[in-house]
Amino acid sequence: MSLSQAEIDEAKVLIPRAFKQPLAVRIRVSLIRIFFVSVIAYCLWAFDFSPERILTGFERFGRVLKFMFPPHIWDNWADFSQILKGLGETLSIAFLGTLLGAIFAFPAFLSGGQEYQPI
Amino acid sequence: MSMIADAVTGHEVQETAPLSRDNFDQVYADKRRRARQGWIIGCLIFLAMFVATTYIGDFFKVTQVTQLDGTRAWRWIIPAGIPRLGEYIQQTIPVLHWESLGSDLANWFWRWKIWMGLLFETILIAFMATTFGVIGGFLISFPASRNLSPNGWVLWFSRRFMEIARTVPELVWALIFVYCLGVGPMAGVLAIATHACGALGKLYSEVNENIDMKPLEGVKASGGTWFDQIRYGAVPQVLPNIASYTLLRFEINVRSSSIIGYVGAGGLGQEFRTAMSFQEYTDPVRPVPDRVGNRDRH
Numbered sequence: 008m009s010l011s012q013a014e015i016d017e018a019k020v021l022i023p024r025a026f027k028q029p030l031a032v033r034i035r036v037s038l039i040r041i042f043f044v045s046v047i048a049y050c051l052w053a054f055d056f057s058p059e060r061i062l063t064g065f066e067r068f069g070r071v072l073k074f075m076f077p078p079h080i081w082d083n084w085a086d087f088s089q090i091l092k093g094l095g096e097t098l099s100i101a102f103l104g105t106l107l108g109a110i111f112a113f114p115a116f117l118s119g120g121q122e123y124q125p126i
Numbered sequence: 053m054s055m056i057a058d059a060v061t062g063h064e065v066q067e068t069a070p071l072s073r074d075n076f077d078q079v080y081a082d083k084r085r086r087a088r089q090g091w092i093i094g095c096l097i098f099l100a101m102f103v104a105t106t107y108i109g110d111f112f113k114v115t116q117v118t119q120l121d122g123t124r125a126w127r128w129i130i131p132a133g134i135p136r137l138g139e140y141i142q143q144t145i146p147v148l149h150w151e152s153l154g155s156d157l158a159n160w161f162w163r164w165k166i167w168m169g170l171l172f173e174t175i176l177i178a179f180m181a182t183t184f185g186v187i188g189g190f191l192i193s194f195p196a197s198r199n200l201s202p203n204g205w206v207l208w209f210s211r212r213f214m215e216i217a218r219t220v221p222e223l224v225w226a227l228i229f230v231y232c233l234g235v236g237p238m239a240g241v242l243a244i245a246t247h248a249c250g251a252l253g254k255l256y257s258e259v260n261e262n263i264d265m266k267p268l269e270g271v272k273a274s275g276g277t278w279f280d281q282i283r284y285g286a287v288p289q290v291l292p293n294i295a296s297y298t299l300l301r302f303e304i305n306v307r308s309s310s311i312i313g314y315v316g317a318g319g320l321g322q323e324f325r326t327a328m329s330f331q332e333y334t335d336p337v338r339p340v341p342d343r344v345g346n347r348d349r350h
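Here the protein sequences come in this chain order: X and E. Residue 8 is where the first sequence starts when you use the working numbering, and the numbers rise one by one after that. Residue 53 is where the second sequence starts when you use the working numbering, and the numbers rise one by one after that.
Looking at chain E on its own, in the form it has when it is part of the complex (with noise of 0.2 Å):
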């Protein structure tokens, strides 16, 4: 909105006269009045959008609830809506007895074995997916960057590459690598792996922007290649971002190869799907994605 606002007022202002002492009040009354109109056009804007969004989303909906005393009645849906979140958490914690505590335990934590070899197949998938993506995204990262790119066209294609890898979700990807290569971790690896490529080639990319290319130009009077420049110019430049960004990208690579098993990909997804089919909302795999990493992706 405040864009709105200031590129009507900075194209207006450059119409008017000059600054002086006797048109101060006149400038800044017009000055004035035009923020103000952008600010009423960005308001209207963004209330269109509002009212197409919520009318699109059916957000004001109304729908037939059952009221406690039986009666039927028409409530906004989302009121009608919140207090089932509650159900739902009431129906996550499992009921144990201190007197039957063990075999409460052991029927909570029924299938431990099976979700303990899940989890570790996940973390693996992780693993694996973090460094497929991270040899991927820096190997294409130099080329990717405005600075370091030989000439346009690989900087395009790199680029294009890039967004095409992470613009579309680790999920879809999974779906096709799991009719590309059958049911099972493997696709997983290459879904995550390919997604985190896109992710980390752009992160990487802007790291290498932002470098000193004096010690390049160093190696490059001496003689060096383009790689030779890379490779004692940039890379000791951006390794401790490089570092940093590969374990963000790990913690977030654990939390979607949780998920991933959901289209058949492998991990702990193929659980919460049966659990969650079967409303067994107790089972402790369930909330795993939240303790695992609840860090926002980039």
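Looking at chain X on its own, in the form it has when it is part of the complex (with noise of 0.2 Å):
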């Protein structure tokens, strides 16, 4: 089934809202998309987003990446120890961390919740 142009130009009459956004609801989004726009654009001018900047960047982390692969394999044990001793602080702190603040949590839902409360 398809329209013919009249009865497309009837329902325009009829509803016209279905068709085209009031006048104040097309100005506010234009003004929201050029203001968008425009701080990008702003940014982009003065954070100096130049493609030869650009370039150069992806060169040099290109050479970031060639230091990761193939990735280093710790042959002497006092340097693995090292990095075993870093990976331990790391997950303690997690740990600690995560259990010294349910433990001080705790005592907040009694305060905290609703259902908790005398009154």
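Worth double-checking, as some hints may not be accurate.
16 Å max Cα-Cα, derived EDC-like pairs, lysine to aspartate or glutamate [claimed, not checked]:
hint: 1; chain 1: E; residue 1: K113; chain 2: X; residue 2: E96
hint: 2; chain 1: X; residue 1: K27; chain 2: X; residue 2: E17
hint: 3; chain 1: X; residue 1: K27; chain 2: X; residue 2: D16
hint: 4; chain 1: X; residue 1: K92; chain 2: E; residue 2: D110
hint: 5; chain 1: E; residue 1: K254; chain 2: E; residue 2: D280
hint: 6; chain 1: E; residue 1: K165; chain 2: E; residue 2: E323
Just the calculated beta-carbon pair ranges, DEER-fashion [to be verified]:
hint: 7; chain 1: E; residue 1: A125; chain 2: X; residue 2: G108; range: 26 to 32 Å
hint: 8; chain 1: E; residue 1: L157; chain 2: X; residue 2: P23; range: 54 to 60 Å
hint: 9; chain 1: X; residue 1: Q28; chain 2: E; residue 2: W278; range: 27 to 33 Å
hint: 10; chain 1: E; residue 1: P221; chain 2: X; residue 2: H79; range: 19 to 25 Å
hint: 11; chain 1: X; residue 1: T63; chain 2: E; residue 2: E139; range: 44 to 50 Å
hint: 12; chain 1: E; residue 1: W128; chain 2: X; residue 2: D55; range: 50 to 56 Å
hint: 13; chain 1: X; residue 1: I15; chain 2: E; residue 2: K165; range: 57 to 63 Å
hint: 14; chain 1: X; residue 1: G108; chain 2: E; residue 2: L299; range: 24 to 30 Å
No lab work stands behind these hints: they were computed from the structure. Note that beta-carbon positions come from the ideal geometry of N, C-alpha and C, so glycine has one too.
Take the two lone chains and join them into the complex the hints point to.
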């Protein structure tokens, strides 16, 4: 089923807002768009997003990736133990931090929960 | 812990005889015993982890402190260190006198012009990073959701990409980008955008996995391609959630862009660093990251 142009025109007269937003809405939307685009454009200019800078950036990023692959494997215990120590400290911080946070947060459920309030 | 207990009991219960009126007490006692065993095992594992982490983390380390009368004494490091937190907060409060209020305030906000400029730059970095992150995360969230992905390989690669992008912290991305692009806000924008792309892509793809698939089937039935299905079937359903996650992410990004200057990637961080290294604790730029957004990050 396809509509004829006359039917579409008739519908446009009958329910204009199905085809076009009111003027105020259109102005607001376009103002927001202009604002966004101009902020982005200002940032691109102020932060100096030049193509050659991005290109050299990619080149150096490739160098960084080349450092990472193949990954370094520690062949002696002295180096590896230091890494293990750091790893252990990281896990300890995460575990103890969570535990302490839970301990300090636990009493708060009594005072914070709505159902536990005396009144 | 409860998981261990459940796993143990759940595993063991299957082996016992079916429950009847005669053996109820027996089955119940067995079940209780096994639950208790699981609980004890869980507690022991927990205790072992606690002891190990406190040992590694020097939690109960003993240190020498100077007491009020000048003598030295051995104390645990935490009770000895907590009062210094108060000292630190005290030092951030400026000295203001009513008689010389104007000059004191001027002294307090001595670099306010630079700070306002940097604050503006910080917000712009967050804005731009959010924009880029939203574009990237939105585009990658569709191939990364299980129900929309065209095939397994695309799903796998887009998910791994997002994981790499979001598990590397913003500060580390900033270090890498500062090396690549030089000192300046552009490195910060790309660093935060990369992290936000991964984090947002994850959240968006979870939203995508919860949608109703019927509109997509309708589009497919009327001859739509994969892109049509996404555009007309999925996007209208997910837009409200995407908007809310985007606003949350903007808040998080303002906070991280205020710290990213620590490694030279633009924004207020550079000033924090100078103020802290000069021990000018009263500089008002310092509490800004707490003020602009202290929501938990995802």
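key: Hint numbers not upheld by this structure, sorted from lowest to highest   = Going through the list in order, the structure violates hint 5 alone and respects the others.
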